[in-house]
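**Q** The chain contents come next:
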Amino acid sequence: MIARVMGQGQYEVDEGLVERLNALDRKAMDALGREDEGELDRCLDEMGQLVQAEGQRIDDERLVASDIVIPPSDLTLEETRKLVSEVGFIPDPPA
Amino acid sequence: MDGLIGRLTNIFKAWISSLLGAAEDPALTLDYSYERQRELLQNVKRGVADVVTAKKRIQLQSDKLESTVVKLEGQARQALASGREDLARTALQRKVYAQQQLQGLESQAAGLEQQQQKLVESEQRLAMKVESFRSQKEVIKAEYSAAEAQVRIGEAATGIGEEMAETGLAIERARDRTEQLQARSAALDELVDSGTLEDFTGTSSSLDRQLDEIGATQLVEADLARLRGEIGTGTETQQLEQGAGR
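So the protein sequences, as listed, match chains F and R. Take 1454 as the starting number for the first sequence in the numbering used here and just add one per residue. Take 8 as the starting number for the second sequence in the numbering used here and just add one per residue.
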C-alpha cells in the first residue's frame, strides 16, 4: 500500500508496517491526551522514520493516491489538537 | 483507524473530494485543477517570500536588542556611579529581560529557517507533479475514450490533489508561525523603542511590572554585584567619599 509522509513524499509500504505504525499512533494519541509534547514528538518522528527506512520511495513525478497519510514529525501539540478536531486543518482549496 | 493517521487520511480524502467535486465533466475537471495548481504554486512562492521577510525583521530586531543590552548596561553603570542603586537595578532587570528575548528570537529564527526549507521543498514537489499532470492530461484527453479517461483522470487528479492539500497545509503552518512571531516581535518593540531608561525620574511602566514578574532577581543581583565590583563603589561608600571630599 501507499503511505504519504507529510513533508517527505510518498512510499510503497508492506501491510505489516501499518500495524507498527498504528501502535505508534496509539502512543501518540496517549501523549496528546497527557499533553506530553516530548513523547508526541518522539512518536511522530518514529512514524516518519519507519516509513522512510522500510518503504520504497515513490518518484515525485508519479501521480498516485495514498492509502494512509502520516502526520509531519514537527507537528506541535496545538496543531495535533487541531488535527484531531478535524475542522479546518487543511485550508480550503483556492476558489 | 481513529488515530492521527486515520484522521489525517480522512481529512485528505474529504479535501480532495471537495476540490474535485466542483466539475463533473472530466475535461473541465482537468482544466479546473490545473488552474488551481498554478494558483497554489503562486501561493507557496508568496509564502516563502513572507518567511524571508519575517526572518529579516527578526534579524533587525535582534540587532536592536543587542544594542539595547549594551545601552542598558551603560545606564546601570552610570546610575550606580551616581549612587542610584534602584535605577541601576531597573536597568539591569531590563537588560536581563532583553537578553532572554534575544535568546527566544534566535531559536525562532532557526525555526523559520526550517519552515522556509520545507516550503521550498514542498514547492519543488508540487511543481514536479504539476508538470507531470499537465503532460498526462494532454495524453488522457487525446488517447482515451470518455469512460476510460474519467478513470485515469480520477487517479491523476487524486495524486495531485494530495500534493495540493499538503502544500496548502504547509503554507498555512508557515503563515501561522510567521504571525505568531510578528505578534511577539510587536510586543518587543516596546522594549526596543522605550525600554531604556529615558530619564532617572520615570514612573514605572507596564514593562516594569512585567520585569518584576520574570523572576530574574538572582541574575540581576549578580549583575549588580559585578558592576559594583567594577566601579569599586556602592551607595554607602560613595556617599562617604563625597562627604570626605568636602
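Be careful, since some hints might not be right.
As the list claims (entries may be wrong) - Some chain F residues flagged as far from chain R (calculated, every beta-carbon gap over 12 Å):
(1) Gln-1463
(2) Arg-1487
(3) Glu-1488
(4) Glu-1490
(5) Gln-1502
(6) Glu-1507
(7) Ser-1519
(8) Pro-1525
(9) Asp-1527
(10) Glu-1532
(11) Pro-1544
Stated by the list, open to error - Pairs of lysine-lysine residues, derived as DSS-like cross-links and limited to a Cα-Cα distance of at most 30 Å, are as follows:
(12) F:Lys-1480 x R:Lys-20
(13) R:Lys-78 x F:Lys-1480
(14) F:Lys-1535 x R:Lys-148
It is worth saying that the hints were derived from the structure and are not from the lab. Even for Gly, the Cβ is constructed at its ideal location relative to N, Cα and C.
**Q** Run every hint past the structure and note whether it holds.
**A** Cross-check of the supplied hints:
Distance to chain R contradicts Gln-1463 of chain F as a non-interface residue, since its nearest Cβ pair spans about 8 Å, not more than 12 Å. No beta-carbon of chain R is positioned within 12 Å of the beta-carbon of Arg-1487 of chain F; the least distance is around 15 Å. Distance to chain R confirms Glu-1488 of chain F as a non-interface residue, since its nearest Cβ pair spans about 15 Å, more than 12 Å. Consistency note on Glu-1490 of chain F: stated as away from chain R, and its beta-carbon is indeed over 12 Å from all of that chain's, at 14 Å minimum.
With a minimum CB-CB distance of about 15 Å to chain R, Gln-1502 of chain F clears the 12 Å threshold, and the non-interface call stands. For Glu-1507 of chain F, the non-interface assignment is confirmed: its Cβ lies about 16 Å from the closest Cβ of chain R, beyond the 12 Å cut-off. For Ser-1519 of chain F, the requirement that its beta carbon stay farther than 12 Å from each beta carbon of chain R is not met, with the minimum near 6 Å. At the 12 Å boundary, the C-beta of Pro-1525 of chain F falls inside the reach of chain R, the nearest C-beta of that chain being 8 Å off.
Distance check on Asp-1527 of chain F: its Cβ comes as close as 8 Å (rounded) to a Cβ of chain R, failing to clear the 12 Å threshold; non-interface status is violated. The beta carbon of Glu-1532 of chain F sits about 7 Å from the closest Cβ of chain R, which is not more than 12 Å, so the claim that it is off the interface is violated. Distance check on Pro-1544 of chain F: its Cβ comes as close as 5 Å (rounded) to a Cβ of chain R, failing to clear the 12 Å threshold; non-interface status is violated. About 24 Å separates the Cα atoms of Lys-1480 of chain F and Lys-20 of chain R, which keeps this hinted pair within 30 Å; it holds.
Taking the CA atoms of Lys-78 of chain R and Lys-1480 of chain F, the gap is near 50 Å; set against the 30 Å cutoff, the hint is violated. Taken as a hint, the Lys-1535 of chain F and Lys-148 of chain R pair is broken in the structure, with Cα atoms around 40 Å apart against an allowance of 30 Å.
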